[in-house]
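Turn these sequences into a full structure, and let the hints steer you where they fit.
These are the residues of each chain, in order.
Protein chains: 2
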Amino acid sequence: MAFEPKTPYLAVDGIINLQDEFGNWLGIVLIERKYSPVGLAIPGGFVEVGESVERAVIREMKEETSLDVVVLRQFRVFSKPDRDPRFHTVSVVFECVARGNPKGKDDAKVAKVFSYEEIPFDSLVFDHREILKKYLSDPLAVFKRL
Amino acid sequence: MAFEPKTPYLAVDGIINLQDEFGNWLGIVLIERKYSPVGLAIPGGFVEVGESVERAVIREMKEETSLDVVVLRQFRVFSKPDRDPRFHTVSVVFECVARGNPKGKDDAKVAKVFSYEEIPFDSLVFDHREILKKYLSDPLAVFKRL
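Just so you know, the sequences run in chain order A and B. Heads up: the first sequence runs through residues 1 to 146, numbered per the UniProt record's numbering. Heads up: the second sequence runs through residues 1 to 146, numbered per the UniProt record's numbering.
The hints are simulated quantities; they were obtained by calculation from the structure and are not laboratory data. Treat the hints with care, as some may be off.
Unchecked claim - Distance ranges between label pairs, derived from CB positions: (1) 99(B) / 35(A): 46 to 52 Å; (2) 2(B) / 137(A): 33 to 39 Å; (3) 54(A) / 23(B): 35 to 41 Å; (4) 105(A) / 101(B): 51 to 57 Å.
Said to hold, decoys possible - SDA-like mimics (lysine to any residue), calculated; alpha carbons at most 20 Å apart, straight line: (5) 80(A) / 5(B); (6) 105(B) / 36(B); (7) 134(B) / 145(B); (8) 103(B) / 120(B); (9) 133(B) / 73(A); (10) 134(A) / 76(B); (11) 134(B) / 54(A); (12) 80(B) / 76(A); (13) 34(A) / 5(B); (14) 6(A) / 83(A); (15) 144(A) / 118(A).
As the list claims (entries may be wrong) - Here are a few chain B residues that sit away from chain A, every Cβ distance over 10 Å (derived from the structure): (16) 21; (17) 26; (18) 39; (19) 46; (20) 59; (21) 66; (22) 99; (23) 100; (24) 115; (25) 116; (26) 136; (27) 138; (28) 142.
Just so it is clear, CB atoms sit at the ideal spot from N, CA and C, and this is done for glycine as well.
Pasting the structure below:
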């Protein structure tokens, strides 16, 4: 290819709101990362060439948490150059919902649901603390609406 | 670097709502592209490594239209693999406002404002027809709110 732009890496992350069989919101699914940087994180991963961001987030949620999510909306793009300590990664963050039991797989050692009141902000890696704070204060967040 | 993900290229595009000195909305700024694919387009360009998407759209709007825009919000991410005929490019589209006279520069042969009723949808390249149709039907679009 003659012209090859050099741009940041593109990732997706999914804020999964987990519901029980009675329609109650249990909280948000977080994973314990297997690779550096280790710590708790919203599940996510890199977008593949030829894949839309919506397909990417559905694939990554399945790979890391075993959950089949429904994507509700694009929440927001996070792009600060230092948000990923390895290199510049831009992430499209989605609001998702799911029902079932999360099970850590692939890059995730463990996947676990944390109630909205008990999110361990200080254990979150990358800028996921900022992402989740923004999400929890969003009046349109699904667990506040239904 | 040990681990190098291969992801789509990342771009930004700006839907610039142009206002006159009386506070009237004149329409949207489009450019005539100098390079392939030629045709009319929303101004935009690739994000540089080390640059946030917000800075990238401000820079690109200045380079292509000479306008100093104010970014109102992230509108939406467009990521269909075939949206750019050259390679897979994911674009973060912003809603912007500006006042002044657009002047084509850089990759833009001409920059011109089109009233909301006179957008030449059939001359638009990439998926910019779809982007602008979605934007014009958005109840939150700034020219409908103020």
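Checklist entry - Non-interface claim for residue 59(B): all C-beta distances to chain A beyond 10 Å? => result With a cut-off of 10 Å, residue 59(B) remains clear of chain A, as the shortest Cβ separation is near 13 Å.
Checklist entry - Has the given pair, residue 134(A) with residue 76(B), been kept, meaning a C-alpha gap of at most 20 Å? => result holds (17 Å)
Item to check | Separation of residue 138(B) from chain A, once the least beta-carbon distance is taken, above 10 Å | outcome: holds (13 Å)
Item to check | 20 Å Cα cutoff - pair residue 144(A), residue 118(A) | outcome: Holds, at about 16 Å.
Next on the checklist: Against the 20 Å threshold, does the CA-CA distance of residue 134(B) and residue 145(B) hold or violate the hint?
Outcome noted: holds (16 Å)
Next on the checklist: Please check whether the beta-carbon of residue 136(B) is more than 10 Å away from every beta-carbon in chain A.
Outcome noted: holds (19 Å)
Item to check | Separation of residue 99(B) from chain A, once the least beta-carbon distance is taken, above 10 Å | outcome: Holds: least Cβ distance 26 Å, greater than 10 Å.
Next on the checklist: Checking one constraint from the list: CA of residue 6(A) to CA of residue 83(A), max 20 Å. Satisfied?
Outcome noted: holds (18 Å)
Checklist entry - Holds or violated: residue 34(A) with residue 5(B), Cα cutoff 20 Å? => result Given that 20 Å is the threshold and the Cα spacing comes to 17 Å, the pair holds.
Checklist entry - Given the proposed pairing of residue 134(B) with residue 54(A), does the C-alpha separation stay at or below 20 Å? => result Within the cut-off at roughly 17 Å; holds.
Item to check | Given as non-interface: residue 46(B), partner chain A, CB spacing beyond 10 Å | outcome: violated (4 Å)
Next on the checklist: If we take the beta carbon of residue 26(B), is the closest beta carbon in chain A still more than 10 Å away?
Outcome noted: holds (28 Å)
Of the numbered hints stated above, the single one contradicted by the structure is hint 19.
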